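Put together the whole structure using the sequences plus the hints.
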Amino acid sequence: MCGRYTLAVSPAKLAERFALPPISDLQPRYNIAPTQPVVVVREGNDGREGVYMRWGLIPSWAKDASVGAKLINARSETVLEKPSFRTAFRRRRCLIPASGFYEWQTTATGKRPFYFTLPDDDLMAFAGLWEQWLAPDGEVIESCTILTTTANEIVTPIHNRMPVIVPSEFTAFWLDPATDIPRLHAFCLTPPPVALHRYPVGKAVNQVRNDGPALIEPAAL
DNA sequence: CCAGACGTTGTT
DNA sequence: GTCTGG
DNA sequence: CCAGACGTTGTT
DNA sequence: GTCTGG
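Residues 72 to 292 (our numbering) make up the first sequence, in order.
Please note that the accuracy of each hint is not assured.
[As the list claims (entries may be wrong)] No farther apart than 25 Å at their CA atoms in a straight line, the calculated lysine to aspartate or glutamate pairs in the DMTMM-like style are these: (1) K134 with E152; (2) K153 with D135; (3) K182 with E224; (4) K141 with E240; (5) K153 with D251; (6) K84 with D191; (7) K153 with E114; (8) K84 with E288; (9) K141 with D193; (10) K84 with D282; (11) K274 with D192; (12) K84 with D208; (13) K84 with D192; (14) K141 with E152; (15) K134 with E210; (16) K274 with E288; (17) K84 with E210; (18) K134 with D208; (19) K84 with D96; (20) K182 with D282; (21) K274 with E224; (22) K84 with E114; (23) K84 with D193; (24) K141 with E210; (25) K84 with E120; (26) K153 with E213; (27) K153 with E240.
[Unchecked claim] Quick list of simulated restraints, FRET-style, between CB atoms: (28) A266 with G115: 29 to 35 Å; (29) L151 with P99: 45 to 51 Å; (30) V211 with A266: 37 to 43 Å; (31) N277 with A83: 29 to 35 Å; (32) T149 with Q203: 20 to 26 Å; (33) G209 with P271: 34 to 40 Å; (34) R254 with V211: 26 to 32 Å; (35) P207 with R232: 31 to 37 Å; (36) G209 with G181: 41 to 47 Å.
Just so you know, these hints were derived from the structure itself, not from any lab.
Note that this is a predicted model, so its numbers are computed, not measured.
Positions of the beta carbon are idealized from the N, C-alpha and C atoms, including for glycine.
Written out as structure tokens, the structure reads:
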């Protein structure tokens with residue numbers, strides 16, 4: 072799955088990669104966790120935009136925001152059917168920029184985190200969905216989730232699921248509200264291959280309070 | 001009809 | 001909001 | 001995803 | 001063991 076990731080990039084590079092106006096308040100993050108605000112790219116009313124949303128999709132009918140903590144991922148295999156996701160899949164797709172992501176390997180001696188990046192440290196874009204939720208106090212909260220699919224050959228030794236990664240040439244395909252739904256579904260079930268790099272990192276990433284480039288330093292196995 | 005769920009992961 | 005279970 | 005809480009009463 | 005919060 073995808074439950075922790077990084078985003079450390081200049082506003083200019085992010086803007087160039089996704090063809091959107093620069094975001095002003097973009098701090099490097101090496102330990103982005105569920106329920107935190109995350110950068111999300113979508114087609115807004117006035118064109119493509121990058122906005123912050125809470126990670127963990129809160130369905131519009133939810134009674135309180137806490138249900139979102141469980142909906143940090145959506146399985147590609149079932150996203151068309153699930154009440155929490157199917158409407159968003161048709162109408163509110165987004166991309167979630169990332170520099171890399173973490174997966175934990177379960178072993179007899181415990182869990183070990185690994186870090187995954189693209190060649191040349193290219194920016195990733197996770198396929199995502201977003202939603203609007205009206206809080207009882209009248210506040211509108213926007214939230215998002217990351218699509219997952221079967222792990223590829225680089226991720227498989229560590230974990231059986233991975234985020235759906237959208238290559239840059241598929242940016243418009245994924246975000247365009249007019250794209251054919253069956254084609255989108257086929258895409259996230261079998262995304263284009265990506266050549267990921269993988270290496271073990273220290274357990275400091277386990278604690279959400281830790282942040283900084285030291286978290287992605289390679290560690291001994 | 002109304003009430004209650006609506007999710008993923010991992011582990012078994 | 002919509003579906004499932006009773 | 002992992003870490004940390006998981007409870008009530010009364011007092012500050 | 002299971003849920004909540006980050």
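Going through the hints against the structure:
| no. | hint | result |
| --- | --- | --- |
| 1 | K134 with E152 | holds (21 Å) |
| 2 | K153 with D135 | holds (19 Å) |
| 3 | K182 with E224 | holds (20 Å) |
| 4 | K141 with E240 | violated (31 Å) |
| 5 | K153 with D251 | holds (19 Å) |
| 6 | K84 with D191 | holds (14 Å) |
| 7 | K153 with E114 | holds (23 Å) |
| 8 | K84 with E288 | holds (23 Å) |
| 9 | K141 with D193 | violated (29 Å) |
| 10 | K84 with D282 | holds (21 Å) |
| 11 | K274 with D192 | holds (22 Å) |
| 12 | K84 with D208 | violated (37 Å) |
| 13 | K84 with D192 | holds (12 Å) |
| 14 | K141 with E152 | holds (17 Å) |
| 15 | K134 with E210 | holds (13 Å) |
| 16 | K274 with E288 | holds (11 Å) |
| 17 | K84 with E210 | violated (32 Å) |
| 18 | K134 with D208 | holds (12 Å) |
| 19 | K84 with D96 | holds (14 Å) |
| 20 | K182 with D282 | holds (19 Å) |
| 21 | K274 with E224 | holds (24 Å) |
| 22 | K84 with E114 | holds (19 Å) |
| 23 | K84 with D193 | holds (10 Å) |
| 24 | K141 with E210 | holds (21 Å) |
| 25 | K84 with E120 | holds (14 Å) |
| 26 | K153 with E213 | holds (19 Å) |
| 27 | K153 with E240 | violated (28 Å) |
| 28 | A266 with G115: 29 to 35 Å | holds (32 Å) |
| 29 | L151 with P99: 45 to 51 Å | violated (36 Å) |
| 30 | V211 with A266: 37 to 43 Å | holds (40 Å) |
| 31 | N277 with A83: 29 to 35 Å | holds (32 Å) |
| 32 | T149 with Q203: 20 to 26 Å | holds (22 Å) |
| 33 | G209 with P271: 34 to 40 Å | violated (47 Å) |
| 34 | R254 with V211: 26 to 32 Å | holds (31 Å) |
| 35 | P207 with R232: 31 to 37 Å | holds (34 Å) |
| 36 | G209 with G181: 41 to 47 Å | holds (45 Å) |
Consistency note: the structure conflicts with the earlier hints numbered 4, 9, 12, 17, 27, 29, 33.
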